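From first to last, the protein sequence lines are chains L and H. Here this note's numbering runs 1045 ahead of the position in the first sequence, where the first position is 1. Here this note's numbering runs 165 ahead of the position in the second sequence, where the first position is 1.
Treat the hints as calculated values from the structure; they're not laboratory data. From a predicted model like this one, the values you see are computed outputs, not experimental measurements. Note that the Cβ used here is the ideal one computed from N, Cα and C, for glycine as well. A couple of the hints might just be wrong.
[Unchecked claim] Below, a list of computed lysine-lysine pairs in the DSSO-like style, where the Cα atoms sit at most 27 Å apart: (1) L:Lys1315 - L:Lys1262; (2) H:Lys290 - L:Lys1451; (3) L:Lys1135 - L:Lys1093; (4) L:Lys1424 - L:Lys1126; (5) L:Lys1214 - L:Lys1253; (6) L:Lys1451 - H:Lys282; (7) L:Lys1262 - L:Lys1329; (8) L:Lys1093 - L:Lys1137; (9) L:Lys1210 - L:Lys1093; (10) L:Lys1214 - L:Lys1137; (11) H:Lys244 - L:Lys1424; (12) L:Lys1424 - H:Lys213.
[What the hints assert, rightly or not] Okay, the calculated bits of chain L under chain H, using three or more residues with CB under 8 Å as the criterion: (13) 1344-1352; (14) 1371-1384; (15) 1420-1430; (16) 1438-1448.
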Amino acid sequence: MRQVYLDHQSATPLLPEAFEAMRPYFTEYYGNASSLHQHGLRVRDALKKARQQMAALIHAESEDEIFFTSDGTESANLAIKGVAYANERKGKHLVISATEHPSVVNSVEFLEKQGWTCTRVPVDREGRVDLKGLEAAITPQTVLVALHHVNHDIGTIQPVVEAGKICAKAGVPLYVDCEASAGWLPIDVREFGAALVSFSPHRFYGPKGVGVLYRNKRARIVSILHGGVQEGGRRAGTENIPAIVGAGVAAEVAARELPQWRAHTAVLQKRLWDGLSRDIPFIKLNGPIPGPDRVSTNINISTEFIEGEGQLLLCDLNGIAVASGSSCVSKSLKISHVLSAIGLDHALAQGNLILTLGKDNTEADMDYVVETFVRIVDKLRGMSPMWEEFERGVIDSVIAPRGFGKSFSEHAAAVSGKAAH
Amino acid sequence: MSDTYTLYNPTVMDHFMNPRNMGDLRDADGVGEVGAAACGDIMKISLKIRDGKIEDARFKTFGCGSAIASSSMATELIKGRTIEEAMTFSNQEVVNALGGLPPVKIHCSVLAEEALKAALEDYVKRHPELAERAAAAEPVSA
């Protein structure tokens, strides 16, 4: 069976050259970067090189602006809590968009329980943040604005340069979460006007277990992990040297290959969506159409009258690895907050699937996915009472309304006794 | 294949991939359709009843793998039971027969129980003479 990995947003295979570079740091160069002898000094050198490779990828002025953390979640926690705590006397207000990653949203919620307040700026139906709303949300008490570069769920590219200008004018630092864009879109921290930027090398063929936080020297930040004075005192804890070395190599390769990776995935993205929309009725693309407003690696779809987990399971059984934002997939039984924020009908959010492309996917892979997905949709629709009720005219389609029948949500509310969240 | 990992146990996967009794019944004697407010899943069970016994059962489900497997298993279990027996049907039977469900998916089996009860209620409604007997059996089902 053909194997098609379409979950590059979750993890990517490690580049062989990154793996090779990492190898000696497990067994031969095992020193701790804080040690003052040969073993320590050697890995300190490797650490410096990796910092330079990261700085180059995002056009940072100096490698001293790069902190290594354990992953993207820790970087987001450090950016938000670190800036909030450092500026507590100035004010206790934060501004984020409505579609940030859970590591941002939940860091903010943690602070809200301690007396901070936060304004969540709405996004439009394609997930683009309302810049006027963002500007209006900033108060004299605002100490940080957080906005992602690319949405992790629906691939929307945010107007970060414009947001940066607004923040600069207001004198508030901007934190840009680049987890879903690093390695796939050019990042220039100076052009963004970003005080902080985070990203994870495992999204562009580096290893897991290492995250990056860029911090402009002018942005005040305090440590949230306490211990030794690693990472300029901003992040205590022994550095994960093998992962950092591998991440550095991955960043160097990504900086070089980015235009090719991007062009390749853009072709696949178009082929995939063209095929799906051509062969499957009542299917919707969430987020902007493939083009300048959407990252080339993401396809987020809602297939009407069927649920997402069943689609995911049948894809997996056919060798296709995908993700879903359906409530059935989430441990909290809630649909993706991003899909809620763009105002997607609950029934469509239930039928959600997220496909994220990588450099090794091929056009033949895309054709296989379309072909297979047609069969999966047929099978699940054949089992769905909603499809049958749609065919009988009891309910209407959200995607292509015929103008008669109840809405799916009305029907669902009627049979469950109350509205789904 | 020993190197294939699955989200659910083999019984659940089997009922998801090869659902039993999927579809509708022509001239069903009772039809129940229920939805889970928690997650948004919807399940429909149709029954054919003769001489106080469930002769046949069919399901249709809008929901995840465990919801489809739960409704498939529920229809298997209730075939041949009397109305009184079916009135005491519990979701735990589905969970047991499936060899267990992840804690977060137990509500799928509850939905199957509710769909069956709704179909029985529909049948009883169509046969008012049975209402009294059914009402007597109902408290046991909780």
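Hint check:
Taken as a hint, the Lys1315 (chain L) and Lys1262 (chain L) pair is broken in the structure, with Cα atoms around 41 Å apart against an allowance of 27 Å. With a C-alpha separation of about 25 Å, the suggested pair Lys290 (chain H) and Lys1451 (chain L) falls inside the 27 Å cut-off, and the hint holds. Distance restraint check for Lys1135 (chain L) and Lys1093 (chain L): the Cα-Cα separation of roughly 34 Å exceeds the 27 Å cut-off, and the hinted pair is therefore not satisfied. For the hint linking Lys1424 (chain L) to Lys1126 (chain L), the alpha-carbon distance of about 47 Å lies beyond 27 Å, and the restraint is violated.
A threshold of 27 Å between alpha carbons decides the hint, and for Lys1214 (chain L) with Lys1253 (chain L) the separation of about 37 Å lies outside it, so the pair is violated. Simply put, Lys1451 (chain L) and Lys282 (chain H) have alpha-carbon atoms about 25 Å apart, close enough for the 27 Å limit, and the pair holds. This hinted pair does not check out: Lys1262 (chain L) and Lys1329 (chain L) have alpha carbons roughly 44 Å apart, beyond 27 Å. Proximity of Lys1093 (chain L) to Lys1137 (chain L) is assessed by CA-CA distance (about 35 Å); at most 27 Å being required, the pair is judged violated.
Distance hint between Lys1210 (chain L) and Lys1093 (chain L) is unfulfilled; the C-alpha atoms sit about 31 Å from each other, more than 27 Å. For the proposed pair Lys1214 (chain L) and Lys1137 (chain L), the alpha carbon gap of about 19 Å is at most 27 Å, so the pair holds. Taking the CA atoms of Lys244 (chain H) and Lys1424 (chain L), the gap is about 24 Å. The hint holds against a cut of 27 Å. For the proposed pair Lys1424 (chain L) and Lys213 (chain H), the alpha carbon gap of about 25 Å is at most 27 Å, so the pair holds.
Only when three residues or more bring their CB closer than 8 Å to a CB of chain H does the claim for the segment 1344-1352 of chain L stand; here the count is 3, and the claim holds. Remark: the segment 1371-1384 of chain L is confirmed as covered by chain H, as 7 of its residues place a Cβ nearer than 8 Å to a Cβ of that chain, reaching the required three. Requiring three or more residues with a Cβ within less than 8 Å of a Cβ of chain H, the coverage given for the segment 1420-1430 of chain L holds, as 4 such residues are present. Three residues within the 8 Å Cβ limit are the bar, and the segment 1438-1448 of chain L against chain H gives 0, so the coverage statement is violated.
Going down the numbered hints, you'll see the structure goes against 1, 3, 4, 5, 7, 8, 9, 16, while the others check out.
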